[in-house]
Amino acid sequence: MGMLIAIILSAVLTNNFITYQTLGVCPFLGVSKKTSSAVGMGLAVTVVMTLATLITYPIYTYVMVPLHFDFLEIIFFIFIIASLVQILELIVKKVSPSLYKAMGVYLPLITTNCAVLGVTKIVIGDMSDFVGVASLNMGWAILYALFAGIGFTLVMIIMSGIREKLNYYKTPKALAGFPIAMVTASFICMAFYVFSLIV
10 MGMLIAIILS AVLTNNFITY QTLGVCPFLG VSKKTSSAVG MGLAVTVVMT
60 LATLITYPIY TYVMVPLHFD FLEIIFFIFI IASLVQILEL IVKKVSPSLY
110 KAMGVYLPLI TTNCAVLGVT KIVIGDMSDF VGVASLNMGW AILYALFAGI
160 GFTLVMIIMS GIREKLNYYK TPKALAGFPI AMVTASFICM AFYVFSLIV
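The sequence shown runs 10 to 208 under our numbering.
Heads up, some of the hints might be wrong.
Said to hold, decoys possible - Straight-line C-alpha distance at most 25 Å; calculated SDA-like pairs for lysine to any residue:
#1 K42 x I167
#2 K42 x T55
#3 K130 x L52
Claimed, not checked - Label-pair distances were calculated between CB atoms; the ranges are:
#4 P67 x C198: 19 to 25 Å
#5 M12 x P181: 28 to 34 Å
#6 P181 x T44: 22 to 28 Å
#7 L206 x V48: 26 to 32 Å
#8 A183 x Q95: 38 to 44 Å
#9 S92 x K42: 46 to 52 Å
#10 I84 x I166: 22 to 28 Å
#11 C198 x G134: 21 to 27 Å
#12 G170 x C35: 15 to 21 Å
#13 C35 x K102: 18 to 24 Å
#14 P181 x P75: 56 to 62 Å
#15 K42 x P106: 14 to 20 Å
Treat the hints as calculated values from the structure; they're not laboratory data.
Even for Gly, the Cβ is constructed at its ideal location relative to N, Cα and C.
Please model the complete structure; the sequences and the hints are all you need to start from.
Printed below as a string of structure tokens:
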């Protein structure tokens, strides 16, 4: 039970991929103008993170390490992630064309999203800084990836909600557009930093 709580708190709050590790900032700033597209992107990233970990962890542990190909992990992981994103893109295009249009170029960019690659690399490495143990078994690794995606989605929703509210207010010309988004992102990161002090 303690391990589950450690994984949830670490992945969602204290070591959040956007606010703490600053991975996946491109979709965070680009797709967070509307809550609907932010939720869609967050869910897509969560699905890809979980599936990528489900596939890459056993391949790395039971094939690449015994055959001493573990130095090629990034190439294999990117290939697997790219394949998953292509499949997900086809599904989203068929099921929800409006969400597919809202995501635009950011859906194919999940292929190169460093948060997705980051979670697959983190779960095969030393996890003592994140959850207090040296390594995770496959089940815990998949759970970590799932909650990392949930944390990613949470921050995307918070950012989109704030940006939608800011549309109702007159922003100074110097801060309009991207600058106010960066200021908002900074405040969100500072708010999430408080969790690392508490936990």
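Hint numbers not upheld by this structure, sorted from lowest to highest = Of the numbered hints, 4, 5, 9, 10 do not hold.
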